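Model the full structure from these sequences, guided by the hints.
All residue numbers for the sequence shown refer to the numbering used here, where the first residue is 1 and numbers rise by one.
All the given hints hold, so there is nothing to weed out.
Below, a list of computed lysine-lysine pairs in the DSSO-like style, where the Cα atoms sit at most 27 Å apart:
(1) LYS663 / LYS596
(2) LYS263 / LYS250
(3) LYS250 / LYS277
(4) LYS477 / LYS558
(5) LYS295 / LYS277
(6) LYS880 / LYS909
(7) LYS894 / LYS604
(8) LYS17 / LYS149
(9) LYS894 / LYS840
(10) LYS41 / LYS17
(11) LYS840 / LYS663
(12) LYS715 / LYS806
(13) LYS554 / LYS568
(14) LYS149 / LYS41
(15) LYS894 / LYS596
It should be emphasised that the hints constitute simulated quantities derived from the structure, not laboratory data. A quick note: this is a predicted structure, and the numbers were derived from the prediction, not measured.
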Amino acid sequence: MAPAESGLLDVAALRAKCEFIASTNADYRDRMRSELLAALKAVNTAGRARAQELLSEDGSGLRCAARISWLQDQIISVLHDFTLNHVFSAGRAPESTRLAVAAVGGYGRGTLAPGSDIDLLFLLPARPAAWSEPAIEFMLYILWDLGFKVGHATRSIEECISLSRSDMTIRTATLEARYICGAASLFEELTLRFDREIVRNTGPEFIAAKLAERDERHRKAGDTRYLVEPNIKEGKGGLRDLHTLFWIAKYFYHVRDPAELVKLGVLSRKEYELFRKAEDFLWAVRCHMHFLTGKAEERLSFDIQREIAACLGYQPHPGLSSVERFMKHYFLVAKDVGDLTRIFCATLEDQQAKDAPGLTGVISRFTRRRRRKIAGTLDFVEDHGRITIANADVFRNDPVNLIRLFHIADINGLEFHPDALKQVTRSLRLINNALRENEEANRLFLSILTSPRDPTFLLRRMNEAGVLGRFIPDFGKIVAMMQFNMYHHYTVDEHLIRSVGVLAGIDRGREKDAHPLTYQIMPSIEDRVALYVAVLLHDIAKGRPEDHSVAGAKVARKLCPRFGLTPKQTELVVWLIEEHLTMSMVAQTRDLNDRKTILDFAEKVQSMERLKMLLVLTVCDIRAVGPGVWNGWKGQLLRTLYYETELVISGGFSELSRGERAKFARETLREALADWSVKERTAYARLHYDPYLLTVPLEDQVRHARFIREVDRAKQPLATMVQTHSFHAITEITVLSPDHPRLLTVIAGACAAAGANIVDAQIFTTSDGRALDTILVNRAFADDADEMRRAATIGRMIEDVLSGRKRLPEVIATRARGRRRSRAFTVQPAVTISNTLSNKFTVIEIECLDRPGLLSEVTAVLSDLSLDIASAHITTFGEKVIDTFYVTDLVGQKVTNESRQANITARLKAVMADEPDELRDRMPPGMIAPAAAAQRKAKAQQ
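Structure (structure tokens):
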């Protein structure tokens with residue numbers, strides 16, 4: 001359906017109405033203008049509404065963009081004619097004095113998104129009439145009043161030509177200029193002069209500029225097309241990449257329609273259809289985004305992904321929600337755009353050569369090709385530092401060459417010639433079961449995966465060319481697959497490739513500072529091959545109905561023998577994939593000072609080799625999730641778990657009784673305070689119960705001692721102390737206060753109000769009825785001075801709430817107003833109560849959607865239920881939080897009564913679901929009231 005036939009606008013009726021407005025308001029300029037504005041606004045609103053209806057009916061993004069562009073053309077044409085005929089009486093002016101109005105930018109291509117800017121060029125003759133600029137101003141003000149964002153330039157032909165020589169942006173805009181209305185002969189003259197004076201013989205210069213511009217745009221956007229909140233216009237694999245191809249084609253091949261590239265042999269018919277399908281899909285998504293948000297929204301954020309998926313008609317499948325299926329389609333399209341770019345660049349190389357290797361290097365003037373033989377092969381040659389095929393039958397004659405190409409590139413340190421990758425993409429049908437089972441092909445693949453150079457680069461090239469997904473069909477199933485959550489920043493395939501990259505960095509010794517333990521143990525790992533395979537495959541079964549760790553182990557059991565791994569190696573890979581989340585979850589959600597935690601984990605791991613490999617796999621997995629996910633605190637937790645488990649596995653766990661160890665720790669603390677008086681040392685050593693002495697490092701015990709002495713001498717009822725740990729990326733806040741059952745609730749609420757994310761909490765009671773609680777929060781600033789100022793602010797907030805100067809519900813509400821990002825997600829609240837994870841405590845684990853103040857509300861419920869919290873472990877996975885609490889009842893015993901456990905579960909689920917709870921309204925204004933330490937004292941003495 002052509003835009004003119006789509007019912008968007010009756011142009012004749014609009015012109016008739018404008019004539020009527022002019023004739024009835026000839027003497028009333030202001031009224032004429034307001035009626036004109038109202039008429040144009042009405043047809044614009046109705047036309048765009050109709051365009052949205054048609055988009056929902058036929059689903060074509062290109063047609064929608066063309067319809068809106070056509071509608072805009074008609075409005076501008078009518079406005080132009082009205083301005084000249086009725087505002088400035090210039091309708092009969094000589095052709096030589098009239099101006100032309102042209103669309104430029106995306107609008108110049110005849111496509112326009114609902115919220116996009118209207119880019120116009122007002123082209124003036126050599127001797128413009130006096131009315132020209134006032135007429136342009138009148139038109140612009142009308143367009144602005146209509147609500148359009150108008151980008152405009154007013155130039156003569158000479159100015160356009162002159163500026164196009166020096167400014168590549170203006171050159172591109174002029175290249176895309178499209179006549180709308182006015183003096184057609186003026187626009188034709190510009191087109192002829194631009195082709196003759198600017199375009200001719202400057203193809204390489206333009207191509208170099210556009211590719212460099214594209215590379216910089218990709219760099220700013222994260223240099224990957226697999227970000228889970230992509231920019232559909234500017235991101236890698238987005239519309240702007242297709243536009244770049246069109247600009248180059250139009251400039252270098254002098255084509256007006258991409259279809260002409262098929263006749264020129266640049267693209268095959270199938271590749272052109274892929275171009276059109278990709279463009280149509282991206283335009284459909286973009287138009288829906290603009291209609292949905294009512295603005296020029298180009299970032300496909302989590303907040304709108306679900307609604308866009310619904311607009312496009314996606315339905316859920318087992319293992320994948322509708323939004324995940326939609327986003328997978330998006331990323332596959334982005335990958336297609338990458339394929340088209342590679343194929344297009346390969347054809348350009350038939351006439352151009354590059355100064356530097358790489359698909360994104362700068363294209364130079366035509367130079368004679370220089371090909372060099374590569375030792376050990378007749379099928380591939382080197383061309384300017386890039387590997388390419390020796391002849392067109394290389395892959396057909398021996399399909400193993402589809403894998404060998406990447407292996408030879410690796411061992412010779414070569415980049416890939418775009419022509420080679422184009423032929424790879426066109427030969428994917430040769431990757432069949434015979435090739436997958438080929439012993440040599442699998443040997444070469446393992447060599448690529450475990451390369452001592454850069455396996456990430458090779459795997460990404462194999463993935464982009466489609467080889468990886470065809471050679472490993474299970475990998476092909478997770479190509480372009482996203483997970484609809486705020487935790488994972490990349491698609492699953494990109495995450496796996498980045499995981500291998502982290503492993504390669506550790507293996508090469510490049511991660512010594514960031515990961516000292518993995519750097520230390522990596523050389524002692526006996527089976528590098530099994531570890532690399534496990535890292536590549538650990539998430540390969542994502543998107544299936546069953547648990548991806550279990551399903552992934554099944555995939556590995558099938559794949560490993562094919563790769564040539566021994567039965568022993570296969571079982572090791574299978575175990576690593578089955579347990580690849582275990583170490584992370586134990587480290588982040590369990591009390592590592594509880595011996596049973598370590599014993600249970602050691603029983604699962606059983607050997608030092610497994611422990612080492614699981615640690616490395618865990619680090620690679622977390623590091624590859626996305627920027628900012630890994631921090632030093634997670635590293636410290638993993639190191640602690642590793643060292644404690646190592647002691648158990650090696651038989652080095654202390655056999656001393658708990659009482660003997662506590663007695664020794666107390667004496668050690670007395671000796672460390674040698675500069676104190678005997679009376680002070682004795683009194684302070686008696687201040688702490690055994691759990692404190694056995695779990696807190698001596699260095700921190702001494703620091704706490706000096707802190708408490710200073711507070712006592714100043715006769716302060718409560719105080720806070722802060723310390724930064726830059727390597728661990730955490731900040732420690734120690735609170736000394738009269739004990740109270742809701743103390744952790746208040747501290748958590750104050751931290752939430754200050755914007756601090758708690759990652760762990762140690763809770764201790766002193767023998768004189770005070771609480772000594774240490775809260776660990778994520779670091780916010782790189783500079784220690786800045787972080788100390790922030791920590792001091794948090795400390796003051798805690799003191800203000802504890803003393804009653806501020807009310808907790810009010811300060812949390814203030815913080816919550818600025819954060820509703822998680823509304824796009826749902827996490828079913830879950831509560832698990834276990835008495836088997838600890839010998840002394842009942843372990844309560846909650847899982848739900850995160851929100852400001854949640855931890856404070858949950859701990860308030862636990863206190864209300866007469867539960868005493870011994871330690872809290874807070875873990876956030878994007879929008880989801882998993883909090884673990886080690887608790888006892890008032891007399892220090894586990895909670896074993898089933899009805900009481902059911903009540904705990906019900907109350908916690910209610911608060912997690914953000915349902916009303918009168919408890920929050922009963923929160924006392926201050927917590928400095930007489931101490932209520934009895935219930936924690938019983939626990940502290942255990």
